[in-house]
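Protein sequence lines correspond, in order, to chains S and L.
Going by the working numbering, the first residue of the first sequence is number 1, and it counts up by one from there.
Going by the working numbering, the first residue of the second sequence is number 1, and it counts up by one from there.
Since the hints were derived computationally from the structure, they do not count as laboratory data.
Since the model is a prediction, treat every value here as computed from it, not as a measurement.
Covered, in the sense of this in silico footprint (three residues per stretch, anywhere, with C-beta under 8 Å from a C-beta of chain S), are these stretches of chain L: (1) 88–97; (2) 124–133.
Once the Cα atoms are required to be at most 30 Å apart in a straight line, the calculated DSBU-like pairs of lysine-lysine come out as: (3) Lys25/L with Lys238/L; (4) Lys86/L with Lys66/L; (5) Lys66/L with Lys168/S; (6) Lys62/L with Lys25/L; (7) Lys62/L with Lys238/L; (8) Lys271/S with Lys168/S; (9) Lys271/S with Lys62/L; (10) Lys66/L with Lys25/L; (11) Lys66/L with Lys271/S; (12) Lys271/S with Lys133/L; (13) Lys86/L with Lys25/L; (14) Lys168/S with Lys62/L; (15) Lys86/L with Lys168/S; (16) Lys66/L with Lys238/L; (17) Lys168/S with Lys25/L; (18) Lys271/S with Lys86/L.
No residue lacks a Cβ here, since even glycine has one placed at the ideal position from N, Cα and C.
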Amino acid sequence: MTATAPSATVAGESAESAPSRGLRAWLARHPLAAYAIRRFGLYLVELWGALTIAFFFFRMIPGDPIQTLIQTLQQNYVYNQAASAEVIARYQTEFGLDGNIFTQYLKYMQNLILHGDLGPSLINYPTPAQDVILRSLPWTIGLLGIAAAMSWVLGVIIGAIAGWRRGKLGSTIITNLSIALSHVPFFFVALILVYVFAYTLGMLPARSAYDSTITPGFSPDFIGSVIKYGFLPAMSIVLIGTFSWILSTRMLMVPVLGEDYLVYAEAKGLKPWRILTRYALRNCYLPQITAFGISLGFIFNGNVLVEQLFNYPGLGSTLVTAIQQLDFNTILGVTDMAIFSVLTAVLLLDLLLPLLDPRVKYWK
Amino acid sequence: MSDDDIVLEISGLEVGYSTNRGEVKAVSGLDLAVRRGEILGIAGESGSGKSTLAVALLRLLKPPGKVTAGSAIFRPRGRSPVDLLKVEGEELRVLRWSALSYLPQGSMSSLNPVMRIGDQFRDVILEHAPDRKNTLSELIPRLLAQVGLEPDVARMYPHELSGGMKQRVLMAICVALEPDLVIADEPTTALDVTIQRVILQSLVDLQRDFGVTLVVISHDMGVHAQLVDRVAVMYEGKLVEVGDVRQVYKQPQHEYTRQLIESIPRLGRRAS
Chain S
1 MTATAPSATV AGESAESAPS RGLRAWLARH PLAAYAIRRF GLYLVELWGA LTIAFFFFRM
61 IPGDPIQTLI QTLQQNYVYN QAASAEVIAR YQTEFGLDGN IFTQYLKYMQ NLILHGDLGP
121 SLINYPTPAQ DVILRSLPWT IGLLGIAAAM SWVLGVIIGA IAGWRRGKLG STIITNLSIA
181 LSHVPFFFVA LILVYVFAYT LGMLPARSAY DSTITPGFSP DFIGSVIKYG FLPAMSIVLI
241 GTFSWILSTR MLMVPVLGED YLVYAEAKGL KPWRILTRYA LRNCYLPQIT AFGISLGFIF
301 NGNVLVEQLF NYPGLGSTLV TAIQQLDFNT ILGVTDMAIF SVLTAVLLLD LLLPLLDPRV
361 KYWK
Chain L
1 MSDDDIVLEI SGLEVGYSTN RGEVKAVSGL DLAVRRGEIL GIAGESGSGK STLAVALLRL
61 LKPPGKVTAG SAIFRPRGRS PVDLLKVEGE ELRVLRWSAL SYLPQGSMSS LNPVMRIGDQ
121 FRDVILEHAP DRKNTLSELI PRLLAQVGLE PDVARMYPHE LSGGMKQRVL MAICVALEPD
181 LVIADEPTTA LDVTIQRVIL QSLVDLQRDF GVTLVVISHD MGVHAQLVDR VAVMYEGKLV
241 EVGDVRQVYK QPQHEYTRQL IESIPRLGRR AS
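Kindly generate the complete structure, drawing on both the sequences and the hints.
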């Protein structure tokens, strides 16, 4: 995704004087708008390309989902007769599996774009796949989104301080700890947390998203229960995620500390905290913003194991069940969702960067 | 001469860099007095220790550099004298800029690339003189005008300025709080000769208007001839000669000084 983003050029060239009429002239006079339009066009192309690749890729997976569905129905409803050709044909139409692959593709894209319809889900037939996804999405965004944002904020702050105080004992300890722990898998930490806090100490629950004796709703009891149940899974992600953000921020910070403007800031007699935030961090945190946008994609698929381990009703758990039962509409839907959110996040960040750093100018 | 006329008194200064093969002396046994209100030039070839002297006095010396001996008594107006080489922490931070400021080399990227020029004035002024908050909108354009820049430069970012403009901005920032002493490290190096002249003239004007004492480090004897009142010549970490600039040029006492003066290119004379 980043490879397709236009490379930034250093500003300084002035807009050439163009004739003052027509769309071209207007765009020449409004370079930021021209850039935003071009960038949005690119976004649409990226989105179309990624969705198309995902569609054909999933159609290549071997296995007959209709057969799986019929087997499930036979088991569940003691429906012993072999399914007639008529029944199979009806299911194929309903799941969008009739006709050749190109008509399937056109129909899928039409339903997706015009109606936001992903087709029926197999595991929860006849519920549409988008409903299945939307049911688990809030849990995932709530748990993983907050955990990802928290680890980014913590990691950038601690990493900046660790870079700032490099060579000091505390910084060395933090850095080495980060090197050691940043690649420990989430689920491993999750297991340790469960063992300590849920099993040994019995302080926190280890399964589910809320206390099932409380009715879901906007009551203090329910919200408290959600926080209590979400604490351990969130902690396992925040702990490890923070360490890798610490490492990368420290790595960006150290070269900036040798810059002339930091020596100058020190000579100015500014307070150290101000030098750290306004002079050092301000000049190096930009790549972290982009990295955060890209890391959002992992929210949709990277933490499946954590959700499984805690039996959390999020997108990861839904995805695993869908894969086990060959529920291709749901799998493809989750993939589409991840594609959409990462591309949208990167688009927004690309439009945001020129506001955060005056040197970033994509337009001429 | 009374103590009051001496703004900075350096005695027995030793600065070294520790390396794998022992300590390398960059400045050794240096004694020098800077008079209040003068422009003192420090000349010498590269490696003579003049920049090390500047960063040591500004307390910007980074490891492996280390001051091993000596003192530098600084007497700012309205404050008690301090030893620049001993003062630490908050006391040092408060002394900076309001009493002791620094003019770096123009080619260096000393301005923060993500802050507007006006904000780079604002932060240092508000840090040391918060009571001037209300006068900032008038003070910053006045300082910019002093070095021949338009008021809208305050709204620009460093990458939108030329090298000469950046150097003028740095000059305007360094006198913003009317410090007692400005240490300028190669202020005209890496600027073309026409800009050099303008910068030198602005430095003279600023020195006169703000009554600051200026220590100018430069390898360029031409700069000293045009700008300074007295010149100190350094060679291999030692001070070999100090004196009135005319006197030194007319009758150099040290062989090295004579060679330095002869190295100034002149029209109509080819290098031999």
